[in-house]
Structures are given as structure tokens and as C-alpha cells.
Amino acid sequence: MEPALQLKNITVQYGGFTALDHVDLNIERHTTLGLVGESGSGKSTLARVIAGLIAPDEGEIGLGSQPLKKKRSREQHKNVQMIFQNPDASLNPKHSIRQILSEALLFHRIVERRQVEQRCKELLERVHIEEGALDRYPYEFSGGQRQRIAIARALSVEPSLLIADEPTSALDVSVQRSVLELFHTLKEELNLTMLFISHDLGVIHAISDNVAVMRQGRVIEVNSKSKFFVRPETDYSRELLSAVPRIPTSSRSGGSYEQRI
Amino acid sequence: MAANTVLQVEALSLAAKSKKLVENVSFSLGKGESLGLVGESGSGKSLTLRAILGLLPRGIEQTGGVIKSDVSSAMVFQDPRGALDPLCPVVAQVAEVIYYRQKASRKASRIQALELLEMLGLPDSLKKSDRYPSQLSGGQCQRIVIAMALACKPGILLCDEPTTALDVTVQRQIIETITSLQRELGFAMVFVTHNLAIAASLCPKLCVMKEGQIVEHDDTLRLLQNPTNPYTRMLLDSVLPLPELEGSEQ
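First to last, the protein sequences are chains A and B. 1 is the number of the first residue of the first sequence in full-length UniProt numbering; add one for each residue after it. 1 is the number of the first residue of the second sequence in full-length UniProt numbering; add one for each residue after it.
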């Protein structure tokens, strides 16, 4: 079976700066690919290229059996949905939650007009927000709840690929945990294909099936989760993994940061 | 105040109009010690730091308690780019702090600034041509901010999430820089973070804050092994586990 998404030789340049340098990447159906890398490594640019927000200078994108061109059909746009880091900026503050959710449903003709209300309620239930929220506005919700609403909107059009670009970075640790749990249940229930971008390796470990590492515009390693976190192939991945702060255990004393030799 | 104590906070309360933001916070800090303040957003950890520095935001007042300290303190902020003047080259910025705080001559303060920057591992090229904050990376900017804080020769270094805006590898470098400087210069430190793992690896003592109050404080290891407060346990649980790397020394 062909992969859900194929990227071949993608290059993006901003002026003279090469943000993506001949990137090849595949995402298998019904799996989650975690994309890690430091800031400036090109993770978000890659997400934007896949979502069609940036046209690559070179290379091809294939979604299932269809090639994604610079100009995409409505159907193709529908099939790739994205969740951003900052839910405040991605939800229109002047629209009620009902408007936010129903707009996409109507635009992509997912359900008939008279069923929109019912579908909105189902969507909110799916992300554990009470249905009374429909007539409220984004500012009335906490950051975690807003991110749940953004997830509900992205899922409302039944995309074949969901891109999540640092969806939990702006959230508190406890809220981050509950949003990650939500992603987990949604993944199981809906058989999602997902590209999950984060610089936090703990988050990537919690959600991904496979891991890709980016550095300076290139994908330097693609590996299964179980191998990547125990036996990474490249030195850079090892460096990333060993830099994650860990809770000291009884064998090591607390409060003495261990120097790397 | 005990002879060894450099900072004592007793029953500190802060409020904005009628809303209580920090309530009854007490802790003390000995010479050369480090204390970690851990909590989520809105727990009042940054405000506590600002109260120690005497830099409370407008509209927030100290309603009770005393802060006793006989040494100077300096602060490192979360966002290094925001803490630096974008229109002033970085060596000049550090030199200016030394000029005013240590009353050195312009020339001597520039030499001292360059020494500090070298100690913090910034590139040598700064000696020849000064650069603006926008021409340095986030990690380098944070080192400049630390240099400026240390230029005041503080007895206490207050760190407000100094590594949150940085990548993990850079975070590691900054933490290593701070610990080795602390060993060298012997300042005390209050380290504020929401990341329990960082606080635990840096500080032998931890205070967990929630909604303006300290809910638990203890030695780091004891706190991690038997947290008595459910909130501490929740924070501990939300540190996402990673499997051990093969071939690592831990």
C-alpha cells in the first residue's frame, strides 16, 4: 500500500536562505510521525509546505495516489488540516464557537445545513468540551480548551492527514498532558494519519509511532520510535536525547547537575 | 537572620487591588545555595522573584511580610531578546552595566565586559567587532543577559525560566554555564521554572507553588520520592518519561 503522504526532493528557499534542502519523507497510513529538531531546522516550513501554505521551489508532494500541485482543489485542501502552536491566533475572536466549527463544515459540504448543529455538538463532545460552549467566544476559554476547539475544527472536515505544529508548547505541563491524552484517544478512535511536530522529545515519545529528525533543513534520521529513543542512528540525535533534563533518581543525588565530559 | 543566610522571605503577600496573588510565602536561602521554585502559570513564582528584586509590575503591591537581604541581587529573564536593547551592541550593553554598577572607567568596564563574555563562552570575534542582539542566536543572547546579571557582582542570582525559550541542547549549555559559574563565583540562586526535571537537577531544595502559595517544600530527592501534596504528584506525573539511552552512563 502506498504511504499516505510522500515528499520527494522538496526544497524551499527564503531569499538566499535554504529552509528545506532536498527533503524526502513518507508517512504511512494510520501512523503518527513525530518530527523533531531545534528552532530554525525547518520543521514548521515543512508543515506549511504540506498544508499548501508555501509552494516549494522544487520537488513533489503526493497525498495518497494524487499529486498535490501548487494550486489545490477544495477537496485536496480539505484533506490536509493543520493545528497551530498558538490557539489564540488561530481562532477568530469575533466568531462564536458555533461559527468557527460550522464554517468549515458548510464550506466543505461535510453535512447538510440542518445537521450542522448536531455535528458541532458531536465534535465538542469528542474533545471533551460541553455543548453549551457553542454560543461562547474563544476568549472565554482557557488555553488548553482553545487548543481542543482548534483540534475539533481540524477534525470536523475528516482530513486524511492532520498536521499538528507544536500544539502543546504554549500550554502548562498538566494541560499539555491532558491534550496529549486527547490526541491519543483520537488517534485510536479515528485511525488518524498525523504529522506531529515538537521540539520536546518527551511529547514526541508520548505520541509518535515513528520519529524523523531535522537539522538545518535536512531530514537526517527517520526511525521507529522504539529504536530512536534507545539506539539513535546519528550522533546528533544522540546529542538531542542526552540533553533532555531528567528527574534525578536515588542513584544520583538531586541538585548536582552532572557535567558532560 | 542567621549569619549564613543571604535572603530571608517571611510571610510575603502580594496583591493587585483586592485580588490576592501571592500569599504567605516564606523561605530562606544560605550563601551559595540554590533553591528551585516550581509551579505552573499563575502560581506566583515570577511575582515572588520580582518582589525580591523590588521590581513589581505596576498595580501590584506588597500587602504583607518582609524580605530581608543584605546582598545585592540580579535577575535573568525568560526572553533574552526582550531583555536586551535591540539598538545597542551587546558588548557595549554589558560594559554600560559595569560602568554604572561598579563605577569603573569606560575603558576598564569594556575590558571587564569582554572578560565576562569570554568566561561565558561567547565568540572571540566580539572583541574586534561588536554585534547587535539580532545578530546573535537565542542561546548567545541569554549568555549576554547572564553576563549583565553577573556584572553587578550579585550575591543572589534570580533566574526566571532562563531556558524555557531555548532548544534542549542550548538549554543544557546554559544550565552547565550557570552551575560552573556558581561554583566559581559562589552566588546563591533562586531558580524559577515550570519544568520539574530542570529544577530537580539544578537545586538541592525545591518549593512547589500553586495559586500563590507554597504547597510543599523539601529537599529535592525526598520531595521527588515521596511527594505528600497531590499537586506535586501531578507535576511529577506530567514530566513525560523517556526510555534510557543505550550506552549512556546513567
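Derived by calculation from the structure, the hints in this document are not laboratory data. On a predicted model such as this, the values are computed, not experimentally measured, just so you know. Ideal Cβ placement from N, Cα and C applies to all residues, glycine included. Honestly, I wouldn't trust all of these hints.
Derived, one-sided and incomplete: chain B residues facing chain A with beta-carbon distance under 8 Å [as the list claims (entries may be wrong)]:
1) Glu40
2) Leu87
3) Leu120
4) Ala197
5) Leu221
6) Leu224
7) Asn226
8) Leu245
Going down the list of hints, with the structure as the test:
Because the beta carbon of Glu40 of chain B sits about 4 Å from the nearest beta carbon in chain A, less than 8 Å, this interface hint is met. About 24 Å separates the beta-carbon of Leu87 of chain B from the nearest beta-carbon of chain A, more than 8 Å, and the hint is not met. A least Cβ separation of about 16 Å between Leu120 of chain B and chain A goes past the 8 Å threshold, and the interface hint is therefore violated. Interface hint status for Ala197 of chain B: upheld, as the beta-carbon distance to the closest one in chain A is roughly 4 Å, under 8 Å.
Satisfaction of the interface hint for Leu221 of chain B is found here, the shortest Cβ-Cβ separation to chain A being roughly 4 Å, below the 8 Å cut-off. Interface restraint check for Leu224 of chain B: the shortest CB-CB distance to chain A comes to about 6 Å, inside 8 Å, so the restraint holds. Checking Asn226 of chain B against chain A by beta carbon gives a least distance of about 12 Å; that is not within 8 Å, so the hint is violated. Evaluation of the Leu245 of chain B hint against chain A yields a held restraint, the C-beta minimum of about 5 Å falling below 8 Å.
The structure fails hints 2, 3, 7 (numbered hints given earlier, in ascending order).
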